[in-house]
Amino acid sequence: MPHVELRRVTKRYGSVTAVSDLSLSVEKGSFTALLGPSGCGKSTLLRMIAGLEEITVGDCFINGVDVTDAPPAKRRIAMVFQSYALYPHMTVRQNIAFSLSVAGAPRKTQSERALEVARILQLEPFLDRRPAELSGGQRQRVAIGRALVRKPEVFLFDEPLSNLDAKLRVQMRLELAKLHADLGTTMIYVTHDQTEAMTLADMIVVLDKGRISQVGSPLELYNAPANKFVASFIGSPSMNFIDVRIASVNGQTASVVLPGGRETMVRVGAEGAPGDSTELGVRPEHLTVVDPQDPTASFNGAVTIVERLGNSTLLYVDTPAGQLIVEGKGNLDVKSGEPVGLKVMESQVHLFGPTGSVL
Amino acid sequence: MTAAAEAGQEVAAALATRRLARLRHLDLFGLVITLTTLVFAVVWAFPLYWGLVTTFKPEYEVVRPGVQLWPEHFTLEAYVHVLMRTKIGIWYLNSLITSGAVTAIVVTMAVGAGYAISQLKFPGRRLFWWTILASFMIPIPSLTVPHFILMSQFHWINTLPGVIAPQLIAPGALSVIIYKQFFDSVPKDFREAAVIDGASEFQLLFRIYLPMNWGITTALVIITFIGAWNLFLWPFVAVNTEDKMNITVGITQVHDAFGVSYARDLAVAMLAALPVAIVYLAFQRRVTQAIMLSAGIKG
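So the sequences go chain by chain: W and Z. Residue numbers for the first sequence follow the working numbering, so the first one is 419 and each next one is one higher. Residue numbers for the second sequence follow the working numbering, so the first one is 7 and each next one is one higher.
No lab work stands behind these hints: they were computed from the structure. These numbers come from a predicted model, not from an experiment. Think of the CB as a built atom: it goes at the ideal place given N, C-alpha and C, for glycine as much as any other residue. One or more hints might be untrue.
[Said to hold, decoys possible] As a list, the in silico SDA-like pairs of lysine to any residue whose alpha-carbon atoms are at most 25 Å apart:
| # | chain 1 | residue 1 | chain 2 | residue 2 |
| --- | --- | --- | --- | --- |
| 1 | W | K492 | Z | Q209 |
| 2 | W | K492 | Z | D195 |
| 3 | Z | K127 | W | V475 |
[Stated by the list, open to error] Under 7 Å between C-beta atoms, here's a sample of chain W residues computed to sit facing chain Z:
| # | residue |
| --- | --- |
| 4 | Y431 |
| 5 | V434 |
| 6 | A491 |
| 7 | S501 |
| 8 | A503 |
| 9 | H507 |
| 10 | F516 |
| 11 | L552 |
| 12 | G554 |
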């Protein structure tokens with residue numbers, strides 16, 4: 419039985435549909451990321467699970483119990499907000515123990531639990547400080563502590579790291595991963611940052627305009643995107659898309675004509691047919707720089723920009739297929755303006771049909 | 007010394023002279039502003055000083071022609087008369103009761119009403135809000151007669167409840183508006199976090215919203231108290247016996263068979279203003295804040 423389940427859930431705000439007929443199952447103990455661009459409905463989905471938004475149509479179950487109409491406090495969930503929402507007039511101790519205080523727990527219990535959580539999150543020296551006296555990372559941990567003290571069945575995170583600087587974000591990501599490993603509690607994490615999703619999640623749910631685009635593990639989404647949206651959203655730099663024509667189909671292999679006239683072989687499903695105009699997707703690291711005279715080159719082009727990142731090099735190459743981004747390991751000996759050949763790694767390309775679905 | 011060095015020195019000297027001239031100019035300007043402010047301050051404060059000094063003069067000095075900035079014969083007779091031969095003690099007590107009650111009721115009601123309009127959804131919420139805003143269009147003195155008729159029908163004329171009840175309207179509406187605006191400005195996340203933690207609406211109000219706005223509450227308490235203490239018209243209309251008067255009305259009772267005694271009248275006025283002056287001096291920052299808030303609303 420899934421731990422959290424949404425069945426055909428729709429959320430409408432007047433005439434605007436934020437989430438449309440969405441069904442999702444989250445396994446117990448998993449770390450599931452809801453990933454997508456701004457306005458895709460991921461926060462709305464999270465808030466519906468939390469009970470902060472009413473579900474227009476559909477049902478929500480947590481641990482088999484229908485919580486569709488249950489108030490947030492009765493759902494055994496805890497939430498960490500993007501802004502942390504730490505009560506500014508309360509100390510760290512009071513913030514952490516707030517839910518216990520509201521429930522009428524004895525002061526001794528509140529104090530003990532707050533201390534226990536503070537120890538886990540290394541917040542002991544800050545218990546008597548107010549949020550304004552804390553750094554961003556410390557506030558983040560207090561927000562997690564406030565969620566932790568409730569001993570929830572499900573943790574909900576709404577872009578908790580987006581207010582932190584890059585270095586702190588990396589550090590907090592590690593702490594969150596460790597927390598999940600230690601607690602084993604189901605976590606649902608909303609983010610627009612694919613790096614966070616890829617590094618933290620067991621399962622990623624990619625959302626686009628209120629619908630699920632694809633659900634899968636990080637590597638599944640990366641290596642086998644179900645559609646152009648997922649292919650372009652996952653991966654940085656993003657995938658190159660090239661307009662191609664299917665020349666012939668032989669079983670599960672198609673021969674496609676690239677701009678410039680050369681052909682390459684691609685695995686396809688049943689949908690592809692000769693003559694179809696489609697798009698070929700190839701990731702920057704699956705394009706290899708070869709000699710322009712190399713007969714096996716898929717394209718010829720000229721390098722316009724070279725970005726040297728130390729452990730890799732990014733090349734922006736103008737080709738008959740438009741500008742393509744190429745990623746090479748280490749420091750490539752290529753200069754701006756230099757003519758190059760690009761070879762496509764045939765086993766790593768994807769073909770997308772007119773609707774954007776993978777063929 | 008080389009020519010270049012000499013030229014450099016000349017430039018430096020010219021710059022220094024210009025800087026000094028600019029400073030002098032600024033000082034002069036500042037001096038003029040300060041003197042002007044001083045003049046206005048003296049003009050504004052003089053009546054207060056004059057009133058205070060008059061209370062320490064014997065009556066014959068008060069009515070004597072000419073201006074005497076300091077008593078020739080310093081006396082506390084006016085204060086002794088007011089304190090010993092009038093019911094100022096009862097007037098103070100009545101003022102304290104009515105002002106305290108008005109403040110307590112207004113702030114309590116305003117907190118609840120402001121929170122409800124800001125955070126709760128109920129039928130008629132918008133209409134309720136517009137009614138409160140519209141009440142500002144009605145000048146309170148114009149309601150004196152309707153209030154009198156109403157209090158008369160309640161049999162509350164010449165009673166403290168009769169003095170208190172109509173005073174709840176104006177400061178009440180203002181306080182609701184101020185609270186509503188401040189509660190609106192509390193980020194939604196705080197509410198949602200507390201709701202997830204299981205807080206009821208009462209707990210949300212008293213443990214989150216109100217503590218986050220203690221400054222506003224203090225400011226409103228002070229300004230409501232001062233307003234209620236200083237009110238004259240309604241308490242004057244609503245009571246007709248000395249034992250029910252508050253201090254502002256009691257001032258009108260300080261006279262004797264020989265007519266007006268300026269020193270005694272001013273003495274009772276000084277004593278009436280004293281508590282409010284102390285409150286203001288102690289909490290002037292909060293009072294200023296409250297005045298700015300209400301000016302923003304009314305403007």
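For each hint, the structure was consulted:
About 17 Å separates the Cα atoms of W:K492 and Z:Q209, which keeps this hinted pair within 25 Å; it holds. Taking the CA atoms of W:K492 and Z:D195, the gap is near 18 Å; set against the 25 Å cutoff, the hint holds. At most 25 Å may separate the alpha-carbon atoms for a hinted pair to count; Z:K127 and W:V475 meet this at roughly 22 Å. Hint status for W:Y431 relative to chain Z: violated, with the closest Cβ pair at about 15 Å, above 7 Å.
Here the hint on W:V434 is broken, as its CB sits about 19 Å from the closest CB of chain Z, past 7 Å. Here the hint on W:A491 is kept, as its CB sits about 4 Å from the closest CB of chain Z, short of 7 Å. Given the 7 Å rule on beta carbons, the hint for W:S501 holds: about 5 Å separates it from the nearest Cβ of chain Z. Interface hint status for W:A503: upheld, as the beta-carbon distance to the closest one in chain Z is roughly 4 Å, under 7 Å.
Checking W:H507 against chain Z by beta carbon gives a least distance of about 5 Å; that is within 7 Å, so the hint holds. For the restraint placing W:F516 at the interface with chain Z, the shortest Cβ-Cβ distance is roughly 6 Å, inside the 7 Å limit, so the hint holds. For W:L552, the interface hint is violated, the least distance from its beta-carbon to any beta-carbon of chain Z being 16 Å, above 7 Å. A distance limit of 7 Å between C-beta atoms decides the matter here; for W:G554 the minimum to chain Z is near 16 Å, and the interface restraint is violated.
In terms of the numbered hints stated before, the structure departs from hints 4, 5, 11 and 12, listed from lowest to highest.
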